Every structure is written in structure tokens, then in C-alpha cells.
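If you're matching them up, the sequences are chains C and U in order.
Numbering follows our numbering, with no gaps: position 14 of the first sequence is 14.
If you want our numbering, it's the position in the second sequence, counting the first as 1, plus 118.
In short, the hints are calculated from the structure, not lab data.
This one's a predicted model, so the numbers in the text were calculated from it and none came from an experiment.
Check each hint, because a few of them may be wrong.
[Unchecked claim] Between beta-carbon pairs, the in silico distance windows are: (1) C:Ala58 with U:Leu402: 22 to 28 Å; (2) C:Ser108 with U:Pro441: 40 to 46 Å; (3) U:Glu377 with C:Tyr21: 55 to 61 Å; (4) U:Thr430 with C:Ala97: 57 to 63 Å.
The beta-carbon is built from N, C-alpha and C at its ideal position, and this holds for glycine as well.
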Amino acid sequence: MARWIRFFFAILVGLAIGLAYGWFISPVEYVETSPHTLRIDYKADYVLMVAEAYQYEADLNLAAQRLALLGNLPPTEIVSQAIQFAQKYGYNDADIARMQVLWSALQSAGLSQGMAEP
Amino acid sequence: MNNDERGPWYLLTGLVIGIALGLFYAWVVQPVQYVDTAPDTLQSNYKDHYRALIALAYLGNEDLLRARARLELLHDEDVFRALTEQAQRTLAENGSDNQARALGLLAIALGQAPPGPALAVTQPRLTPAGVSTQTTIIPTPPGAPAQEIRSASSPTPTHATTDTETPAVSTILPSNTSPPSADASATVFASPTASPTALNAALPTAPPTFTPGGPFVLLSQEKICDPPLPAPLFQIEALDRFNQPIPGVLVIISWPDGEERFFTGLKPEKGAGYADFAPETGVLYSVRLGENGQPVNDLAAPMCPRSSGAPTWGAWLLKFIRP
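Please work from the sequences and hints to get the whole structure.
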């Protein structure tokens, strides 16, 4: 009986070693991620870049396609979240205004529904 | 053979089974999930997309420092090369002209940026307490004190199982609101991706040098035979009325069966207003700069006679000027 207990104890030790190795020493590495996995501050900056590019290109459809890479939410919602983040963390007024311009344009164009990824 | 005679091998067996189960669980069943990733982990095609967006955003805001900081997030070994290669790739794959031009202009602007301390944006690094710190040294105008941008410390997860963890704080807290002096350096707290007013106010920007104007006309056409080339070449230079090179000018080369468009400045080592094209033999080309530029027609691959042996290839050097 003691032999079986020691056997299962060995399994538990091995399990712990395996988990430690798999989670901490050599975890699965995601090096091929997509924009929707970006941290929220990077996402907010991405939205700002889309707004800045929109300011230059004035192509709303292109802007909506770029925003679609951030997830399945409607483009207006994505921009809205970025604006809230920007306001909370003190982005300058000009940048917030750029995003608001983009949000208004998307709203006016009826692009408040989600778009498929390009 | 009784149990005692079999020795401790059963323990090793148990250990191996346990490790296998542990690894299976850690790598397959419940792997570490990164939901708060940074741009440098993006798939290469998304990195291209991100890079192009940085360039287009730069044309929108003309803030070179911001564009440079954003590019650093991609961890390209050579930012300049990454931009120019992507610009050329975009054109070669019949991608967006606008995008290629933006990439080219940003590359040129980076090449022309005033000297200053090297930009280094570090990724969040974990301390044992799970606190991340970021330090950025940003270029400043000559003579101005260096500025350090440091993000406020914040918990940065190595993995996230919930969406409630706090992102890097990007609150802007200028600690020195007085004008910078020679012996004082301002410390600004910001996230790497925030776009603080302090950045815009304190740092130089280099607006693109391209300015739309009148049509380009041919200034000179010269056959270059020295040194001889292994293949014929058209060399094009775009100049302004002060004979200064202009980057980002659209070059249109057409022939009976096709057309190719690219921009000056994508080979900045040869000059900001330079572009070249390898023509095929036996084809007549028309070259113009911009949609309304003066075309140079019936341009063939230049051959250079040699005193001995077969003729070699040379180059046509076409200089266009915007009067």
C-alpha cells in the first residue's frame, strides 16, 4: 500500500514540475498575434492612428476596415472605448478631438454595426 | 520477484507520468494566454499593417517623434530599412500608392531628423513584484536638455485570465512646468503609446518635404556610360526650383504593354529625390513625374559603345525640375 502512495506522490511531483515548466519556464509563446489581442493602451493608440490617417486620407471605409482588426465590436464602439480611455488617461485635446471626428463620421455614415475583417 | 526487489523505478515512472500530464495540461489544456500583447508580437502581415498605419498617421499629424516612438514598438532591427522595403514591396505588389508614399516619406523624414539622443523605447519589464517600468529617452532640439519619459509603474500581467487588470497608466504628470533650462530636465510620465501634449510641445517635428506644386519638366537628359553597367538603367532625379532634391514624387513609367509607378526617395542612400528603373531591351518607354508632368518619350535602354568588344549598358540620367 505504501508503495502505491509513493507512486502517486511521484506522479504529483512530476505534475508540479510539468506545470511549472509549461507555465513559467517555457510557456506557450504567442509571437503571431493579431491586433485584437493588443493591450488596451496600444489599442487606444491604434484607434488614434486610424483617426490621424483618416484626417489625412478622408476615407471612412478604410478607417472602418482598420478598426475591424481590433475585434468584432461595431467601429463606433471601438472608437468610443478609445475615447474614454484617452479621456481617462489624459491624452491631449487635439488627439481626443481627432478620435471624436472619426466617431462622428462613422456614426453619420451608419457604420455603428460590426464589420467583417478585410 | 517481490516488490522490494523491483527497486525504486516505479517512482521514476510516476514522476515521468506526472511531468507528461503537467506539460499536457500547461501547454494544451490550459496554456498561458496573452490577451494584453504588444505590437512587436504581431504576425508579420499585421506588423506591416501597423507600420503602414504609423506612416499614414504621420502624414496626418506630422509628428515625427510620435511616429518614431510607435515604430520602436515593433522592434524592427532597422526601422529605416523596414520602411523602405515595405514601401517597395507595396508598390511591387500593386498595393496602395498612398501607403507606399507614406512609408517612403516617413523613411525619408527619419533619415533627415535632427541629431539627438537615440530613441529607445523599452518594453515593459517585469520586476519580481510584478511591476512594470518603462523608460524612454527622446530626442530634443540641439542645446535643449534631454527629457526622460517614464511610464507610471503599473501592474503588467504576463498572462491575463480576466479583463479587469489595470493597463499601463498614461497620465501625464509634468513635474516641471517651467521652460526647460540648460541644467534642468523635465520628467514626464506617460505611457509609450499615449500622445501627450508635452511630447508635441517639447519636441521637434520634421514635416514632409514634399509639397504639391506645378508640373515637373525635363531639366536635362544625359547618357551615363562610365562605369559600364551589367544592365540598362533609368536614373531619375526630382528637383525643386532651387535644385534641391524632392522625395515622394510620383514617377510614372509607361510602355506599350504596361505602366509602373513608384516614388523618389525610396533609395535615400542615392539621394532624397532619386529613383531608378531597369528597362527591358527593345522597348520604348515614356517617363514623367506626376500625373501632369512633361513626358520624356521614346526612351530606350541606353547602349554605350566600347572601343574594343561588344557595347555595354549604361544609364539615362533624367533630371526633372518643378519650376
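Hints, verified against the model:
no.	hint	result
1	C:Ala58 with U:Leu402: 22 to 28 Å	38 Å, violated
2	C:Ser108 with U:Pro441: 40 to 46 Å	42 Å, holds
3	U:Glu377 with C:Tyr21: 55 to 61 Å	58 Å, holds
4	U:Thr430 with C:Ala97: 57 to 63 Å	60 Å, holds
Going through the hint list in order, the structure does not satisfy hint 1, though it satisfies all others.
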